[in-house]
Structures are given as structure tokens and as C-alpha cells.
Amino acid sequence: MSAVLVLVLAIPALGAVVAAALPARADRAGRVVGTLAAALTFGISVPLAVRTEPAGSGARGIHPWQQLDVAWVPGLDLRFHLGVDGISYPLVVLTTLLTLLCCGYTLWSVPGAGRGRLLTALLLVIEVGILGTFLALDLVLFFVFFEVVLLPMYAVIAVWGGDRRRHAARKFVLYTLFGSVLLLVGVFTVVSTTGTADLVRLTAEGGSGLARGTQLAAFILFAVAFAVKSPLWPLHTWLPDAHTEAPTVGSVVLAGVLLKMGTYGLIRVAIGVAPYGAQRAAPVLGILAVAAILVGSLVCLAQVELKRLIAYSSVGHMGFVVLGIATLTATGLQAALIGNIAHGIITGLLFFLAGAVKDRTHTGALGELGGLRETAPALAGVLGFAAIASLGLPGLAGFWGEAFAVVASLRLNSPLWTVLGVLAALGGAVTAAYFLRLLRRVTHGPASPAVATIRPRLAPAELMSWAPLIVLALVVGLLPATVVSMAARPVAAVVSGSR
Amino acid sequence: MVQSVDHVALLPAYLAAGTAVLVFLVDLLVARRGAVLAAAALGVLATAAGAFWLRRQPDRQTFCVAGDACSYVVTDRAALLAVLFALLTLGVLAFSAPLLRSRAVPAGEYCFLLAASMTGGVVLGFAGDLITLIVALETLTVPLYILVGLRRQALQSAEGAVTFFVVSVVATAVALLGAALLYALTGAVHLGRLAAALTADNDRLRSLPLTATAVVLVLVGLAFKVAAVPLHAWAPAAYDGAPVPVAAYLSTASKLGGVVAILYVAVGALRPWLDVAGPALALLAVLTMTVGNLMALRQRRMVRLLAWSSVAQAGYILAPLGAFAVSPGRTTDALTVAVAATVAYTVFYVVLELGAFGAVVALRPADADGGSLTDYRGAAYRSPWVAGAFVLALVGLAGLPPGLAGLFAKVVVVRSLLGGGAGWLAVAVALNAVIGLAYYVRASVALFGPPGPAGRARVAWPVAAALGAVTLVALVVGFAPQLILDAAAR
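So the protein sequences, as listed, match chains A and B. For the first sequence, my numbering gives the first residue as 1, with consecutive numbering after it. For the second sequence, my numbering gives the first residue as 1001, with consecutive numbering after it.
Please keep in mind that the hints were generated in silico from the structure rather than gathered at the bench. Glycine residues also receive a C-beta, built at the ideal position from the N, C-alpha and C atoms. Be aware that one or more of the hints could be misleading.
[To be verified] From the structure, some residues in chain B lie toward chain A, with a derived Cβ separation under 8 Å: (1) 1418; (2) 1475; (3) 1485; (4) 1487.
[Stated by the list, open to error] Across the chosen pairs, the derived CB separations fall in these ranges: (5) 23(A) - 1032(B): 57 to 67 Å; (6) 1384(B) - 10(A): 19 to 29 Å; (7) 1068(B) - 53(A): 53 to 63 Å.
When you get a sec, could you build the whole thing from the sequences and use the hints?
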């Protein structure tokens, strides 16, 4: 059964190679091959939920449902150790689903620069990197996969992006590399002190092999590395540029799953390996998270560009996720996990919709949009749904993560965390304000010249890519237990001993 | 007293020197380019085979005095280095084929000088005393003065050669002065005896400021060969003026020679003085990587960019030895790890660098220099495979996937530094990797620019074959870095 873990990585890799190797005249064939590979990957990622390993005792540590452990480079303490559990499984499925949707979308529409087969191939390589990061149970392997996504994402932005794509792509790659080199230093700080890179063992030991100072240093290195990726204020400035310039599918993957590598890393690696460091640094992390929420939502209130607004809203949403993590409680971590998934679904959908609006009107300026519901009621309807889901209406996916992050923070019963919880809740209110402002500017009012002449029909490919996300936003919103129940035991096993 | 000489041990040296003579004779008697090149390639292959065979034999030594101190020591690692030097020369010869065909340089002289230089490299690994070491290193370097300036009617070439020559002579003088001072202080030239003398006479030598001066002088002089700061300024001028294959040789074989020399001296002879040598090496490493990276950011010409990048890479190569600056880095275990890390990083680097220069050769007209970055516009559409190899090499040098070889190279260095307790050096290496990415990406992006007027050029088969082989090696060691790590740990 553990062969599935390898296949989940091998199929997209193979698909990418085939798609890229096809000649230019077989461009469509390349995209079809890529999409098939993505579909196959999604298909085999779902049954990863089957447990083949013995059930964990509930003691501190990681108790994977399935795992695979073979030596790769003993000289670097690098083992090819993969596994999946309740924390990583939802993210894995989200990744394979979003990649499939993006590949399918590329089948229908290729951004201006053409060569869609290469775009599909790069999306698949990014998928390999992200899946590898979520599945890795070896610190060094985690780092290797963490690095894999950098250059393909750079290429996606730099080749298929908007007018200022070069600048945005360079900013993205340099910022995120800065994060990952710190991760490298952190990883080997831990590995050279404890002599093992096995995440299962390191998490089970709960940092007992590390001196307190080393733990704090390691946690800070990890936290900065993951904060760049998440991104956490004040290390977020690469994100708005990258999102604004990236092609639609690039933005979807970036917001939908790439950012989750940061928050997942915080839970699995930073808290797992250095719990004492996490305890010491948690207040700082919480303050930064709340700052991210407030800054993100205030900036959004003043944004005049559609994609930039959604990008900054990501900063705020990820702030809630980090706040949940920073509480170091089971409730908070659960909130973070469901917030991760919800943000991936909703913001993925929002970027698809922003792409659809920009494709039709050729502008993203809020001032030039307006009255979308007059000319394209279906598109306006879906946009309204996504925006309301994103602002956290109860009953839709966005609600649970944000509400419970605040609850977890208030429950800690300390003055600092109470203040943080209240401020975060205020930020949530501002979130509602700016999304309503967005809807008022884009969908309501008289149709602006740019909107008046647009094609109202939604293409089947668009519906196909959006429908699963719309359904999931409802399902996760109405039945949060689908995600939460899966993560309950693994989260408890991480938290025990952290606080 | 008649010394018995073990001629079997000398086999690689004989073969290498024989290659030079053979090339010379073939050029004299046959006087055809093809024949000269074939003779050179054959000789180099024979050298590699001889050294490889010697590796399988039990360890030998020769030119010994008083039994235990030998000037020529055959070890596993030394034989492996000889093989590596021969293979690098073979690669450079293959890259030189179009250059020789274009008659921009005289074939006979070119091949002879390259073979002569290789002889120095082959002997270097076997050196057991300071004199053999420095003579081997000079044999490696002296032919390069001429090779750098060999391009007919190129002023740049002559400038590069003169800069190289002047800096090199100064560096050699500095290294020799250091070696002479060490001899004056200890009466020993053999690496092992020097270490013993430095240990035995520690108290007296510690009180003499001259000893520390000698240690630093030797290291700084040798650092020239790897183009480390402060003796780095020759590299961009020499690389850019030289024919591109010679630049490839300078940045791979010649740099490997420097690394070997520094390792032998620092670890073999100066081991009791690592507390002095360590900080010097750490300082050299940090300065070298930072200066190299910052200067590379500003370059507009491809070979100059690669030259500065290779300066920066020299900093990464020296970095593991910088761990000697802290006391946990001087234990026997940490020492072994640091040396293995240096060797492994060098091998990864040499493979990637040879690939990058090979791609430059393949993308440029036969008699041209490296050109500016804009000359490479559209290369990705004209020759996608060569451009692919180039990007792989550049990304590898930056240390990112898909250039896994480069990624693992960086991992090796950071791991050894953190293992040796030199966390700040690891952070310096990590931050420099970020600066480095900026210009490696710029060079890679240049290939994808809008196509220029140049049409699709045919790549000569020796170049294509060599580039293919190097890229394949880079891919293989990327997925199986343990091969290199094992070889380096011997």
C-alpha cells in the first residue's frame, strides 16, 4: 500500500516530463497528458486515507496512517521517508484537486505567452514539490521538497504573468529562497545536535534531545522560514506582487496550496521538533499574526485592484491561521488546519473568478468595474458567494477557522491573548467590510463601459473548475467535522507536552 | 646514497608527461590538427586509466628519506584526484575542438600546454612535501599563462594573460616565502614532519610571531589558485580574455588544484596550528563568497559573470575549513567531516561548472569569446537541449532543484559547518546563496529572451558529447550524491 505514496509523487513527475518533452505542434496533446496525470494523481491521493499502519497510542508524536521509509543519502542523514496522517491528508487532497482543476483550466485557456504544455508541466512539478513537503517525514527530505517549488513557480510567474511579471517573479523567488536557506540552517541545527532527521522520532522526543537555547534558535529559524512562505506580516511583501502578476492558475496554486507549506511546516516541523522554543516564541508569533490580520484587512479597505485585494485578504486569512497555531492548543491547531483548507478552497475560487473577470473586461481596477450582475449575473452570483464565504459567514467554510482561532485565543485566559483575540475579531469585522465593498464596487450599480459589453455566458470549462470548489466551500462549512475529526488525534498528539 | 624509485607509483605522472611529449612529436611529425587532438585525447585517457589502476593497488610511496618521510605518496584519494584531473582535461580538450578547427589558436602548442598543465595536476595529489606540492602547482599554472594569451589578435587575451601572470607570480612568491619561513623554523618540508615539528616545538614556536606569519602567508599564497579574496582580481580578466575552453580549465582543474593544495597544507602540515589557520580560512571564505556574489550581480558579460560566480564558489569551498576557527571544529571527527565536505563540494562544483562552460562553448561561435548576456537571447529556442543543460548547470550552481547536485553540495557544506559548531558561517553561506540566485537567474533568463538575429548553429560532436556526458554526471550525482560523499570520505 505504501507504493501509493510513491505513485502520488511519481505520476505528476512523469506527466510533467512527457508534457514538456512533446514538440510544439503537439501542444494540446501535452496539456491533455498533463491533465490526465493530474487526474490520476487526484484519483490515487484520495485512498491514502486507508490506514495500513497500526493505530497510534495517542502519545506525543506522529502516527502516520501509511508510511514508507528507505535510505537515500545516508551521508546527509537523508532518508526517503514519506507518510500521511490526519494533519497532512486534507492538504494532500486539496493539492491534488487544485492542480487538477488548474490543469483542466489550462486545457481550455492558455495565458498570452502560449506553450500551454510547459505551463501544465510546471504546475505538475509544483505539485510534486508541495505533495512531497506535506508527505515528508524526514527533515532533510522536507527541506529538499520545500525547495522544489521555487523555480517552477518563478517560471510560471515570469513567463505567463502580467506586465510587471519579471519584477514580481524575482521578488517572489528571492524572498522565498531567503526563507528556505534559513530552513536549511534550522534543519541541520537540529540534525547535527540530535543525530537524526526522523520527524517521527524527533516529534516523539518533543525536543528532549535539544538544549533549550538550541530549541529556541531552531524554532526562530523555522518560524522565520515558514513566516516568509505563509506569509506573515512583515515578511509578506512578495505576495501581493506575485499574486497580482501571476496568471490565474499560478495565483490559484500559490494561494490555494503553496502558502500552506508555511503553516503546515509551522505545525509539523517547528512545533513538532522544538516545542519549548514554540512556547517561548508563541506570544511574538501571536502578535505578528494579529498584526497581519489588521494590516491585511486595513490595506484591503483601500485597495483599488481586484487581484491585489484578494492577495492582501490572503495575508489576513493566513494571519488567523497563524494565530490559531500560536495558541498551541488543540482548538487553535484544529482551527488552523480547517482555516488552511477553507482558505485554499475559497481563495482558489476567488482567484479563478478574478481571472474570469479580468479575461472578460481586460481590467482589474475596481474603479472601472461595476454592475457585473447587470451583464453577467451568473458570474456575479458566484463571485458574491465566494466573497461571502471568504468573509466568514457561518455555514460556509471560512467561518470555522477564524471563529475558533479567536475562541482558542480567548480561552487561554491571559490578558495578552484576550487582547489578541479581541483585535483579531475586530479584524474579522473589517474583513466583512472590505468584501462587501468589493461586491458593491464590482457587482452592483450601473454597468461600467468595461463591463457593459462582456460575454455573459460561463464556459463549461470554467464551471467545471469552479463547481468542485463551490461544493467544497459548502461541505466544509456545513460539516466541518469532515476535516476536524480526521485531525483530532494527530493534533492532540502534537499538542501534548507543548503547553 | 642511491635512492630506490618505485616507478609503478610514478605511472600516472609518466603517462601525463608522456602525453605532453607525444603531442609535441605528433605536431612536429604529422602536423595535422586531428592527429594532434587524437593523440592528446588518447594520452589523457591513458593517464586516467593508469591512475585508476593504481588506485586499486595497495598504497605506495617513493622518494623517501629516513624511511618515513616521503615526497610522493600514493593513496586512494590521490589516485582519484589524478583521475579527476585527467577527465577534466579530457572534457576541456573536447570543448576545444571547434576552437582548434577555427585556427584561432595553434593546435600543437595548445594541446601540448594543456597536457603539461595536466601533468602538474596529476602529480599534485601525490605530493608529500611542500616543495613537490608547490612545484606541481606551478607546473599546473605556468602553461596557463600562455594558454590564456594564446588567442591570436586579441588584445583582451593579452591583458588577461599579463594580469594572471603578475598576480600569480606574486602569489607564488608569497607561498614560497611562507614555506621557506616554515622550513627555517622547523627544519622540515615534508607535510607529516612539519606537523610533528609544529607539535613537538609548540611552546617556542607559539612565542614567535614569525610562525603565525608563515602559516598565513602559505595559505594566502595558495588561496590565489582558487581565486579567493584578496588574490581574486585576476580571475574575471583572465577568464574573459582566455579562449572559453581555457576559462573552463581555469575554473575547474586549476581551482581543484588550489583546493587540494590548501587541504594538504592546512590539514596535513599545519594541523597543530589550525587555531591560527582556521580564523584566516574563515575570513577568507566569508570575504570571498560575499565579494564574488556582489560583483557578479553587476556583470553584463557571460564569462565575467561566471568568473565572479566561481570566486563566490571558492568561498563556499573554503567555508567548511573555516569551521577550524572554533574549537569544536578542530576535533578529529569534525576535521574529517570538514575535509570530506570540502572535497565533495569541490567535485559537485567542478561538474556543474564544466557543464556551464561547455554550454557557453556550444552556444557561441567557434572563435568568439563569451560575449555579453544579450548575445544569448533566444538560445532556448535555437538549441533547447544545450540551453537546458546550461540552465541545469546554473541552477545547480545556485543550489536549487532541479540542479539537485548543487542543492546537495550546499547541504553538505551547511551540515559540516553546523556539525563543527560554526553556525555563523553556515548563516553566511545561506545568505550568500540568496544573493547568488539573483544573478544565476538573470543569466538563465537571458537564454529565454526574444531571439536575436543569429541563426541556429550546429554544435560540434565532441562538444555535444562532452556536454552530454557532464550533464548526465550532474544528473546522476544529483540523485545519488552518496557516490561522491563516499569517494570524498576516503
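Structure-based check of each hint:
1. 1418: Where the cut-off is 8 Å and the nearest Cβ of chain A is about 4 Å from residue 1418(B), the hint holds.
2. 1475: violated, 13 Å
3. 1485: holds, 4 Å
4. 1487: violated, 11 Å
5. 23(A) - 1032(B): 57 to 67 Å: violated, 41 Å
6. 1384(B) - 10(A): 19 to 29 Å: Between residue 1384(B) and residue 10(A), where Cβ atoms are some 25 Å apart, the hint holds.
7. 1068(B) - 53(A): 53 to 63 Å: Between residue 1068(B) and residue 53(A), where Cβ atoms are some 58 Å apart, the hint holds.
Of the numbered hints stated above, those contradicted by the structure are hints 2, 4 and 5, listed in ascending order.
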